[in-house]
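Q: My request is simple: use the sequences and hints to build the entire structure.
There are 2 protein chains.
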Amino acid sequence: MARLFHVPLSPFCRKVRLSLAEKKIEVELVEEKYWERDPDFLRRNPAGKVPVLRLDGKILAESTAICEYIEETRPEPSLMPKNPDARYEVRRLVGWFDDKFHHEVTSKLLYERVNKKVTGEGYPDSKNVKEGARAIKYHLDYMAWLLDHRRWLAGDTMTLADFAAAAHFSALDYISDVDWNRSQAVKDWYAKIKSRPAFRSILADQVPGFRPPSHYADLDF
Amino acid sequence: MARLFHVPLSPFCRKVRLSLAEKKIEVELVEEKYWERDPDFLRRNPAGKVPVLRLDGKILAESTAICEYIEETRPEPSLMPKNPDARYEVRRLVGWFDDKFHHEVTSKLLYERVNKKVTGEGYPDSKNVKEGARAIKYHLDYMAWLLDHRRWLAGDTMTLADFAAAAHFSALDYISDVDWNRSQAVKDWYAKIKSRPAFRSILADQVPGFRPPSHYADLDF
Numbered sequence: 001m002a003r004l005f006h007v008p009l010s011p012f013c014r015k016v017r018l019s020l021a022e023k024k025i026e027v028e029l030v031e032e033k034y035w036e037r038d039p040d041f042l043r044r045n046p047a048g049k050v051p052v053l054r055l056d057g058k059i060l061a062e063s064t065a066i067c068e069y070i071e072e073t074r075p076e077p078s079l080m081p082k083n084p085d086a087r088y089e090v091r092r093l094v095g096w097f098d099d100k101f102h103h104e105v106t107s108k109l110l111y112e113r114v115n116k117k118v119t120g121e122g123y124p125d126s127k128n129v130k131e132g133a134r135a136i137k138y139h140l141d142y143m144a145w146l147l148d149h150r151r152w153l154a155g156d157t158m159t160l161a162d163f164a165a166a167a168h169f170s171a172l173d174y175i176s177d178v179d180w181n182r183s184q185a186v187k188d189w190y191a192k193i194k195s196r197p198a199f200r201s202i203l204a205d206q207v208p209g210f211r212p213p214s215h216y217a218d219l220d221f
Numbered sequence: 001m002a003r004l005f006h007v008p009l010s011p012f013c014r015k016v017r018l019s020l021a022e023k024k025i026e027v028e029l030v031e032e033k034y035w036e037r038d039p040d041f042l043r044r045n046p047a048g049k050v051p052v053l054r055l056d057g058k059i060l061a062e063s064t065a066i067c068e069y070i071e072e073t074r075p076e077p078s079l080m081p082k083n084p085d086a087r088y089e090v091r092r093l094v095g096w097f098d099d100k101f102h103h104e105v106t107s108k109l110l111y112e113r114v115n116k117k118v119t120g121e122g123y124p125d126s127k128n129v130k131e132g133a134r135a136i137k138y139h140l141d142y143m144a145w146l147l148d149h150r151r152w153l154a155g156d157t158m159t160l161a162d163f164a165a166a167a168h169f170s171a172l173d174y175i176s177d178v179d180w181n182r183s184q185a186v187k188d189w190y191a192k193i194k195s196r197p198a199f200r201s202i203l204a205d206q207v208p209g210f211r212p213p214s215h216y217a218d219l220d221f
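The listed protein sequences correspond, in order, to chains A and B. The first sequence lines up with residues 1 to 221 when you count with full-length UniProt numbering. The second sequence lines up with residues 1 to 221 when you count with full-length UniProt numbering.
Take the hints with a grain of salt, since some may be wrong.
Okay, derived cross-link-like pairs now, SDA-like style, lysine to any residue, Cα gap no bigger than 25 Å in a straight line [claimed, not checked]:
| # | chain 1 | residue 1 | chain 2 | residue 2 |
| --- | --- | --- | --- | --- |
| 1 | B | K100 | A | V118 |
| 2 | A | K23 | A | M80 |
| 3 | B | K82 | A | G57 |
| 4 | B | K137 | A | P46 |
| 5 | A | K82 | B | E76 |
| 6 | A | K24 | A | P81 |
| 7 | B | K100 | A | A135 |
| 8 | A | K82 | B | A65 |
| 9 | B | K127 | B | N115 |
| 10 | A | K192 | A | P77 |
| 11 | A | K192 | A | D148 |
| 12 | B | K187 | B | R211 |
| 13 | B | K33 | A | H139 |
| 14 | A | K58 | B | R87 |
| 15 | B | K58 | A | D85 |
| 16 | A | K82 | B | S78 |
| 17 | B | K58 | A | Y142 |
| 18 | B | K130 | B | R182 |
| 19 | A | K24 | B | N83 |
| 20 | B | K100 | A | P8 |
| 21 | A | K24 | B | R87 |
| 22 | B | K127 | A | E121 |
| 23 | B | K58 | A | L147 |
| 24 | A | K33 | B | Y142 |
| 25 | A | K33 | A | S107 |
Not the full set, but computed from the structure, chain A residues with beta-carbon under 8 Å of chain B [to be verified]:
| # | residue |
| --- | --- |
| 26 | P46 |
| 27 | A47 |
| 28 | E62 |
| 29 | T64 |
| 30 | A65 |
| 31 | E68 |
| 32 | Y69 |
| 33 | R87 |
| 34 | Y88 |
| 35 | G95 |
| 36 | W96 |
| 37 | K100 |
In short, the hints are calculated from the structure, not lab data. Note that the structure is a prediction, hence the values are computed from the model and not measured. Idealized CB from N, CA, C, for every residue including glycine.
A: Rendered as structure tokens:
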């Protein structure tokens with residue numbers, strides 16, 4: 001069976017979990033305290049980061065490379081369109097969320113509130129939290145604009161771009177940092193993706209010391 | 001003709017320039033002071049970052065999405081192997097350099113020494129510079145280890161992984177931040193990639209206020 005070394009609220013791990021689940025690849029989840037830099041773990045991934053996936057007898061790292069590999073080796077159900085223009089748009093948005101959104105929002109809210117406590121680095125920096133809370137509004141508006149003329153973020157079908165975005169949003173939702181009232185279009189999009197069977201394991205996550213809001217696992221939030 | 005909005009020392013722009021040049025796609029380079037947030041530029045790319053490429057009548061952003069698009073629409077000469085395992089390894093290493101190396105090295109050396117001055121953000125933070133100088137040694141050793149049993153970084157052929165790495169290293173070499181004596185294997189690899197015609201435009205770059213070392217454009221450095 002596949003085995004994923006992960007931490008529950010990591011958006012990069014969640015993106016891989018969603019890809020695996022959507023393609024019905026069974027996986028054993030192993031929590032990895034990557035910040036403790038266990039030598040066995042560093043041997044598996046010298047980058048010292050999660051996710052790390054054991055699949056097809058190989059050890060795979062870097063979430064985007066992993067998702068592209070899963071897509072190429074298990075093309076059905078497809079999370080990538082066939083046309084180069086449409087594929088570009090999926091990858092642009094995966095980059096948007098995993099780089100820009102991660103830098104401007106996730107690292108300033110989730111990492112300040114949760115990761116710092118879990119890894120013993122101390123208390124949230126309120127300046128960062130304020131910046132993250134301001135930036136997420138701009139991103140919600142951008143998503144609303146995209147969803148105004150598309151069924152899913154990158155076009156008419158659900159793709160890796162939706163999983164990348166949902167991975168970040170679900171982790172932020174766990175700590176009540178998403179204002180779902182800002183855009184009905186984004187709320188509808190999230191309700192649609194949240195109700196997929198692939199999302200179940202993510203909605204069941206529990207992080208000691210952090211209790212999710214009651215709407216977190218509620219499909220009618 | 002294609003047009004690339006870029007800044008000369010940006011590793012992400014250089015990666016795209018190398019891909020375009022290797023595939024003999026002529027491009028007009030336009031320097032874009034993205035930090036001035038010109039409204040025309042933000043319309044082209046709401047992410048507000050370079051590179052932005054006008055190609056095939058489209059506006060493309062996010063360097064990795066751009067390189068994959070170029071590869072899919074101009075497959076020859078190939079910068080991506082055919083086999084999923086080999087493609088995974090290319091993408092893993094592109095992620096390694098554009099995420100980990102960028103965070104640990106490029107942002108701490110190039111951005112402190114050059115970007116801060118150019119954008120008027122002030123003086124280099126010596127703590128960051130010291131951390132970057134320490135981290136690059138570890139990365140050079142990792143590359144030496146890879147090159148010990150491979151001709152190129154991701155395998156036996158030159159790929160996007162080599163261009164991603166060379167984009168970062170060439171920008172750092174411009175400010176004399178690479179110790180080429182640390183590994184003969186890495187030096188040989190860089191000499192090989194530097195001598196390609198695709199590299200010429202990069203070796204001719206000039207940034208006002210920063211003069212490159214004499215070895216920067218020297219193929220026998």
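Q: Check each numbered hint from earlier against the structure, then list the numbers of those it violates in ascending order.
A: none
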